[in-house]
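Order-wise, the sequence lines are chains Y and F.
Every number in the working numbering is 792 more than the matching position in the first sequence, counting from 1.
Every number in the working numbering is 792 more than the matching position in the second sequence, counting from 1.
You may find that some hints are simply not true.
As the list claims (entries may be wrong) - Residues on chain F that point at chain Y, a partial pick, calculated with CB under 8 angstroms:
(1) M938
(2) K973
(3) N974
(4) V977
(5) H994
(6) E996
(7) P1024
(8) L1025
(9) R1058
(10) F1062
(11) E1097
(12) I1098
(13) L1101
To be verified - Chain F stretches covered by chain Y per the calculated footprint, using a threshold of three residues with CB under 8 angstroms from any CB of chain Y:
(14) 997 to 1004
(15) 1009 to 1019
In case anyone wonders, no lab produced these hints; they're calculated from the structure.
Built from N, CA and C at the ideal position, the CB exists for glycine as well.
2 protein chains.
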Amino acid sequence: MAILVVGSVAFDSIETPHGKVDHCLGGAATHFSLAASYFTDVRVIAVVGKDFSAENEAVMTRRGIDTRGLERADGLSFHWTGAYSGNMDEAKTLGTDLNVFANFEPKIPEAYKDTEYLFLANIDPVLQARVRSQMPKVKMVCGDTMNYWIADHRANLEKVMRELNVLLINDGEVRMLAGEKNLVVAAEKVLAMGPKTLVVKHGEYGATAFFSERSFGGGLKARHPFRAPALPLAEVVDPTGAGDSFAGGFYGYLASQPELTPAVFRKAMFYGGVMGSFAVERFGTERLQNVTREEIDARFKLFQEISHLDYTGA
Amino acid sequence: MAILVVGSVAFDSIETPHGKVDHCLGGAATHFSLAASYFTDVRVIAVVGKDFSAENEAVMTRRGIDTRGLERADGLSFHWTGAYSGNMDEAKTLGTDLNVFANFEPKIPEAYKDTEYLFLANIDPVLQARVRSQMPKVKMVCGDTMNYWIADHRANLEKVMRELNVLLINDGEVRMLAGEKNLVVAAEKVLAMGPKTLVVKHGEYGATAFFSERSFGGGLKARHPFRAPALPLAEVVDPTGAGDSFAGGFYGYLASQPELTPAVFRKAMFYGGVMGSFAVERFGTERLQNVTREEIDARFKLFQEISHLDYTGA
Chain Y
793 MAILVVGSVA FDSIETPHGK VDHCLGGAAT HFSLAASYFT DVRVIAVVGK
843 DFSAENEAVM TRRGIDTRGL ERADGLSFHW TGAYSGNMDE AKTLGTDLNV
893 FANFEPKIPE AYKDTEYLFL ANIDPVLQAR VRSQMPKVKM VCGDTMNYWI
943 ADHRANLEKV MRELNVLLIN DGEVRMLAGE KNLVVAAEKV LAMGPKTLVV
993 KHGEYGATAF FSERSFGGGL KARHPFRAPA LPLAEVVDPT GAGDSFAGGF
1043 YGYLASQPEL TPAVFRKAMF YGGVMGSFAV ERFGTERLQN VTREEIDARF
1093 KLFQEISHLD YTGA
Chain F
793 MAILVVGSVA FDSIETPHGK VDHCLGGAAT HFSLAASYFT DVRVIAVVGK
843 DFSAENEAVM TRRGIDTRGL ERADGLSFHW TGAYSGNMDE AKTLGTDLNV
893 FANFEPKIPE AYKDTEYLFL ANIDPVLQAR VRSQMPKVKM VCGDTMNYWI
943 ADHRANLEKV MRELNVLLIN DGEVRMLAGE KNLVVAAEKV LAMGPKTLVV
993 KHGEYGATAF FSERSFGGGL KARHPFRAPA LPLAEVVDPT GAGDSFAGGF
1043 YGYLASQPEL TPAVFRKAMF YGGVMGSFAV ERFGTERLQN VTREEIDARF
1093 KLFQEISHLD YTGA
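Build the full structure now, drawing on both the sequences and the hints.
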C-alpha cells in the first residue's frame, strides 16, 4: 500500500572528512521517499522554492515517487549547512536557512486522501497533527521528531504521539522525552505517552524496537524488545539522512506487507538498517537513487549473516 | 578444557543509584572465573592480602574454581572505590589502593602448567607476557587490557598482542589503540598488530567480533564481522565486572567446545552477553555466585529471541 510522507525537501551543504558538497538534494522527506520507493508507492507533501529544478524533481519521479504534493513557493528552498568530523556520529549545524519552509502549510491533494500509511517526518508537531486530522482513512501512522520539539513544544508533540502506531527516534531523544537515563525505563515511559511501538535508533550500533500490548492486532504479542544490527562500515562518506533512510526502508517494507505481525516488524527493522547503510556510502541521496533491489536483498542477507547464530553461509 | 586466568582478585567499594557496598569481593579474575565456571574448569592466579577471608575464597571454591594459585601476601588486598551515576555507562574511580597487588609477581603452580586455555586479564603487559612464556602447552590465549597500558606501556602491550588468539577490549580502547575513529578501520589496524581475532565490547549495545584470515584453523573463514546483542535491562544495579563476566562466559564456552569454528565463536559471543547481563543484576559477584545453568540457557534463548528474524517463540 502507498505511503504518504510529509516533511522537508531541502538542499544540504555538507562537509565530511571525505569531501564537501554544495546544495545537494536532501531533506527528511527526500531521503525517506527514496528509501521507501524500493518497497512501495510513495506520495510526498513538502514545499520547495524557485531554486528547486526539474532535475531535482526528476530524482524523485524517476523512482516513481508521486510529487503532486510538492508545492512551489516564492523564495528559496530550505537550506541546511553542516559538518561532520571524527567518528561522524554527530552533525555540527553551521546554518539553517528555513526560507520557504518557515511558512510551510501542508496541503493534501485530493488524490492523496485515501492513503492508508502516513509518515510524519520531523516537522512542527502542530503541522504533523493537522496532516493527521485530514487523513480519515489512515490505517497506520509513523512519526519522527527531534530535541527542539521535545524541549519547547512538548504539549503539541504529546498530542501527536497519542496517534502514533510507531515513534521512530534516537537514543538521546528517548531519554530526553522520558527524563530518564535507563533506555528500557525511558522506552516504557514513552510508550505510556501513546505510541503503540517505539523504535530507538542507536546509530552505528543498530536499533531497538520496544513493543506494548497495543503494538499488534489480533491478539499477537511481542514478549520482548527486538534488536537489529547496523552494518559495520569501513567508510561512512556522509551520515546525513541515515535515520530518514532507516525510516524509509522500515516503513516501506511494513506498508508492502498484507499484515503487521512481529515477524514482519523484525524484517522491517532489518530493511531499515539496510537502507541506512546504503545512504551513508555517498553524499546526499546519490546512493539511494541508484541502488538495486538485488543489492538490497543481498545486503539483507548480510545483515542476517552478521547477527544470526545459525547462518550457514560462512 | 580448563582455563587458567591471571588477574586481580580484589575488594570493591561501590556506589550506584541503587545503593552502596563496602569491600565486596571483586576483581577481574574473580568475575571472569565465576562466569567461566558455569562452562568449564577454571584455575586462578592472583595475589590477595591477609584481609582475604576463608569465606571469600569459598565463594570461588564452591563454584569448583581451583584456587591453588591464590597467593597470600603480607598486607591488604587490592581495593577499588568507584561510583556510577546517570546512564551508568562509565565508572568514576574514587580510589585505587593497589596494596599487595603493587608487587604482584605471578607464580604458576606445577599443577597448572598443562593448561591449554589462558586468559590474561587486565594487568601489566610485562606480567601477561611472563605468564604466557611459562605456559608451553597453551593452545589458545585470550587477553584484555585498558587505556593506561595502551597509552604508557605500548611496546610491552604490542609484544603480548602478537601472541593473542583473541583480544577483548571496548570501543574506546580499540579506537585509542589504532589512533582511528572508524570502528572497522580501527579493528583492521588492531588485527594487524597480531591478535587473530578482536572482540569489541559496546556496553549496552552488545559486542562485535572482527575476524582475520588467522582466526580459525583448517581453512575455516568468517567472511564478515559478527554482532551479538546485549539484553536491554530495566535495572542495572552495578555494572562493575560486566566486561570480565562477558569474557568469562565467552571464553568459558569456547574452552568447553572440542573445536573452534565460526559457529562456536558466535555462540560464545552470545554466552558472553548472557553472563554480562546476569553480573549487573546485583552488586559485586552476588548474581554470578548463584545463577543456575537453567537460567543461563533460558537467557541464551532470550538473546536469540531479541535478535533473530525467525524466532518462533513470539
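Each hint, compared with the structure:
A hinted interface residue such as M938/F counts as satisfied when its beta carbon comes closer than 8 angstroms to some beta carbon of chain Y; here the least separation is about 20 angstroms, so the hint is violated. Taken as an interface hint, K973/F checks out: its beta carbon lies about 4 angstroms from the nearest beta carbon of chain Y, inside 8 angstroms. Interface restraint check for N974/F: the shortest CB-CB distance to chain Y comes to about 6 angstroms, inside 8 angstroms, so the restraint holds. Among the interface hints, the one on V977/F holds; its C-beta lies about 5 angstroms from the nearest C-beta in chain Y, closer than the 8 angstroms criterion.
Interface hint status for H994/F: upheld, as the beta-carbon distance to the closest one in chain Y is roughly 6 angstroms, under 8 angstroms. Interface restraint check: E996/F against chain Y, minimum CB-CB distance 7 angstroms, threshold 8 angstroms, status holds. For P1024/F, the suggested interface contact is upheld, since its CB lies about 5 angstroms from the closest CB of chain Y, less than 8 angstroms. Taken as an interface hint, L1025/F checks out: its beta carbon lies about 6 angstroms from the nearest beta carbon of chain Y, inside 8 angstroms.
Look at R1058/F: its Cβ gets to within about 5 angstroms of chain Y, closer than 8 angstroms, so that hint holds up. Look at F1062/F: its Cβ gets to within about 7 angstroms of chain Y, closer than 8 angstroms, so that hint holds up. Because the beta carbon of E1097/F sits about 6 angstroms from the nearest beta carbon in chain Y, less than 8 angstroms, this interface hint is met. Because the smallest distance between the Cβ of I1098/F and any Cβ of chain Y comes to about 5 angstroms, under 8 angstroms, the interface hint for this residue holds.
For the restraint placing L1101/F at the interface with chain Y, the shortest Cβ-Cβ distance is roughly 5 angstroms, inside the 8 angstroms limit, so the hint holds. Chain Y is given as covering the region 997 to 1004 of chain F, and this holds because 4 residues of the stretch bring a CB closer than 8 angstroms to a CB of that chain, at least three being needed. Check result for the region 1009 to 1019 of chain F against chain Y: holds, 7 residues qualifying (beta carbon to beta carbon below 8 angstroms, three or more required).
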